[in-house]
Amino acid sequence: MTYRILAKRAASALGFTALLFSVHVQAADSILTYKGSDRTAKLVAGAKKEKKLTVYSALTVNQALRPLTEGFKKKYPFVETEFWRGSSRQIAKKVNAEIRANSLVADVLEGSGLSQIMVKARGVVKFTTPLTEGIDKKFLDPNDQWIPSRFSYFGTAYNTKIIPTGTQPKTYDDLLNPKWKGKIAWRIGSETGALLFITNVRQILGDKKAEVFFQKLSAQGLINFRGSARTLVNRVVQGEYPLAIQIFAHHPVISAKKGAPVATQMMEPVVSVNGTIMLPKGVKNPHTALLFVDYYLSKEGQEVLKKARYFPVAAGVKPRKELAPLVPALSGVKENFVSPATLFANRKASTAVFNKYFKSGKTVTVKSKKKKKKKE
Amino acid sequence: MNKQGSNQHAVGLRQENGQWNFFGYSPLVIILAAILIVLILPAVIYLFQASFHETNFDGSFGDFTIRYYIELVTGERFLNNCLNALIYALGSAIVAISIGVTLAWIVERTNTPFRHWVLILSIVSLGIPSVLYTISFLMLLGKAGPVNQLLMVLLGANEPILNVYSLWGMVIVEGIEFAPLSFLLLSSVFRSTDASFEEASMMSGANILQTFRNITFRLAMPGILALVILIFIRAFESFETPALVGLPGGVSVLTTDIYESIEEMPANYGQAGAFSIMLLLIVGVLLYFYNQLSRKAERFQTITGKGFRPRELDLGQWRWLTFSILVLLFFVIIGFPLGIVFWVSMVPYFDGISLNALQLFTFDNYRTIARAGSLQDSLGNTIALGVAAATLVAPFTALCAWLAVRRHKGAWILDQFATAPLIFPAIVMGMAFLQLILNLPFGLYGTLLSIILASMVRYLPYGMRYSYAGILQIHTELEEASAMSGARQSTTFIRIVMPLVAPAMLTCWLFVFLVSVKAVSIPILLAGPKSQVVAITLFDMWENGITNELAALGMSWTAFMTAISIVFYWLAKRYGLTLR
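Chains as they are written, first to last, in my numbering: chain C, 3 to 378; chain X, 816 to 1395.
Just to be clear, a hint being listed does not mean it is correct.
Said to hold, decoys possible - Example chain C residues on the side facing chain X (calculated, C-beta under 10 Å, incomplete):
hint, residue
1, 51
2, 62
3, 89
4, 227
5, 349
As the list claims (entries may be wrong) - List time: in silico DSS-like cross-link candidates among lysine-lysine, alpha-carbon distance up to 30 Å:
hint, chain 1, residue 1, chain 2, residue 2
6, X, 1224, C, 122
7, X, 1224, C, 53
8, C, 140, C, 361
9, C, 140, C, 51
10, X, 1224, C, 51
11, C, 76, C, 54
12, C, 50, X, 1345
13, X, 1345, C, 283
14, C, 128, C, 283
15, C, 54, C, 44
16, C, 308, X, 1345
17, X, 1345, C, 128
The hints are simulated quantities; they were obtained by calculation from the structure and are not laboratory data. Just so we're clear, the structure is a prediction, and the values are computed from it rather than from any experiment. The beta carbon of each residue, even a glycine, is placed where N, CA and C say it ideally should be.
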């Protein structure tokens, strides 16, 4: 198996890819934005020739990514479907490198905070599908370079064994209470972790007041956690960290249902974003990729998402009942929706805040960091 | 050989006795040197390039700049991380050597019962991937782990006492991980000390402890010091422990800075490049000192022409104390780490060690990993990587070493080139190859081939060490006879030298196999979704919180690798090769 791959790579090293590549791009352009009534038939015919699909996504593997690709494979058994799970940043990095090194593997990309990076790096292509009709127009990209794939609402997870319900921090200001010192973790190295938290606070308070807030927050000795959001919630369940801010609000709800000592506290205004799905520049299996996007946005695909307790975007599929309280629009809580464009526009300023107050490695221990800040 | 000598003044290209000569250089030397240059130089050049250019959004080179170096010198971050790395590396070396000295002394110089079973430590530890080993300590010492559980009960605290995600945590984990290596190398030091000095000390009325302090330890001092530097360098350039233990706790060192710069979005290859170059320089300087020191260590040689045999001290009743120490260390180094991994692999979710959890014991995790297709791919890739890297390195270095040992004209350059990658920490090698591959016009990125190439270059020096030792044992007579009978250089090598160095090559093969499948640093930067290897899969599983399946995969993999490790040790012992 592996040697076959090796042999193939060797062949591509000889320059065959370059040839195939250009042919693909030409064929691809026409189908990507094709709107005729025989679109699906054309896609299926094309997919039968391509026979392969590789999805890069930030969705959780067991609950969403595997069921989705398996569901797709059931529908189109002639397609060999593979997936790779990575954070949005990892996906962006990999795909850009693949494009640059002329060895594109990915056919479909999905993640939150991914679209603008890919657009900026000119790593995506325009594409359309009739299934966007089921999505509210305000969430669509005017340039057709991505399509919203899911909604995410963020809250604070806390271990109910360590912090009994009722005593948990309920507002952003509560986080500054000295009793939470050294107990709050958040995700770094992600577009929707610390960075989104900072962007959110900056939008709510304005940069000046936010600066004061961050100064106080940095004195709390936040734990910079590298890893997926799901892992962070697992650590809260284990008691490794009592509190985790800026986590996907539904993760603790899922765990709590299995009996884990964890709960979500929504903090007003609730910050939310939408994930995006897109196709990389020079996509090798455009027909199959489009078929997958269609499947993803279809009722069938959205139901899989719903079952995995994500928040669907299309085909009129509503989120699960137990998750409804987390959706501000349904629970009547204030919401701060951060669009991919806003998220990206704020990335530089928020990164600067992060580097100034929260970046690791400046000091060895949390204590000495605090002292330094005071001196300043 | 004489023939060779008379040809040295030959000018230009000519053929003599069916053998080509280019200005007196054997074509073999030229070809091998060319291969080495092609393998090593472009990657190094691109690494330098990266550090002197802005990084564009898509990762390509932007304008020329020296700002990364200026930032390094002016920012506090670099100095701070150097300091962290220093404390971490020195601490690890001290922990490893303390354990190593204790073990080596007990095993080599006392009559403690069951002492020779300690070799198991070295065998198993060579089979455990460092990622898994580090993770096992995070499970043990983490807030939900048994150590904290126990401390909380003992001290009556309601909060975990220890925070393993810290500098001391890194020191402990890395120190214990290097303990078996340190034991192994110190064993040979203690073994080669003339016991008559100790006997003289005892005769003069010193007790065991005094003798150990004044004689045994002092005689071993140069060896120990050299080892301190060796482990210091290894820890300084290590990546797994700093990434898994240090980063979550906010402790950065140089290697994790390289990784973090690459992980930034957009990837900051310039900064990563500058960090890499600095790390390269530091390791280069350290290695220079190491070589100086190992040379000096020869002055303390105590084995002379007279008959000698290291004496075993009769400890009397005390031997049961040393026995308990052995047992304790055995559990700390292998027993507890593997024990917790096994426990975690058997439960559906881990929230500490308890009797209740025993009822939940299940093989589900093993079943899941046996079914997951992606894991089988990653197993296949890993074995292909190990086999390919080892198969490339072993004969290649044997050939280079042979030419160098037999002093063919210009062959010293082969030795120099093949040993040069030693100053490249694995993460820097990964970064250099990443830059090279990203700038090549053909699709090498994300392929297994790219990982194989980078690993091959990284482990060339190890191959050289084994091959050199093997070739030195062979006298030239047989080769001369072959040449006299009219064989070409290549024929002589294949028909005469190869069979003779086969054991050394096989040991070298196994060693390169074992280290290349264990490593994280190179594949973490180069692997694509279709070229995942086990070490990276374990790393990803940890970051994605799939802990129980990780443990199951880790257990199975360790069992498999330990089997290979046993073969390696048996061979190495059989043919008397040094085990570094």
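To see whether the hints hold, each was checked on the structure:
1. 51: Where the cut-off is 10 Å and the nearest Cβ of chain X is about 21 Å from residue 51 of chain C, the hint is violated.
2. 62: Result: holds, 8 Å to nearest chain X Cβ.
3. 89: holds, 9 Å
4. 227: Holds: closest Cβ of chain X sits about 6 Å from residue 227 of chain C, inside 10 Å.
5. 349: Nearest chain X Cβ about 8 Å off; hint holds.
6. X:1224 x C:122: Cα-Cα ~55 Å, so violated.
7. X:1224 x C:53: Given pair residue 1224 of chain X, residue 53 of chain C is violated - Cα atoms ~56 Å apart, limit 30 Å.
8. C:140 x C:361: Measuring from Cα to Cα gives roughly 35 Å; hence the hint is violated.
9. C:140 x C:51: violated, 36 Å
10. X:1224 x C:51: violated, 57 Å
11. C:76 x C:54: holds, 14 Å
12. C:50 x X:1345: holds, 22 Å
13. X:1345 x C:283: holds, 19 Å
14. C:128 x C:283: Roughly 9 Å separates the two Cα atoms, so the pair holds.
15. C:54 x C:44: holds, 16 Å
16. C:308 x X:1345: Holds, at about 29 Å.
17. X:1345 x C:128: holds, 26 Å
Against the hints set out earlier in the document, violations occur for numbers 1, 6, 7, 8, 9, 10.
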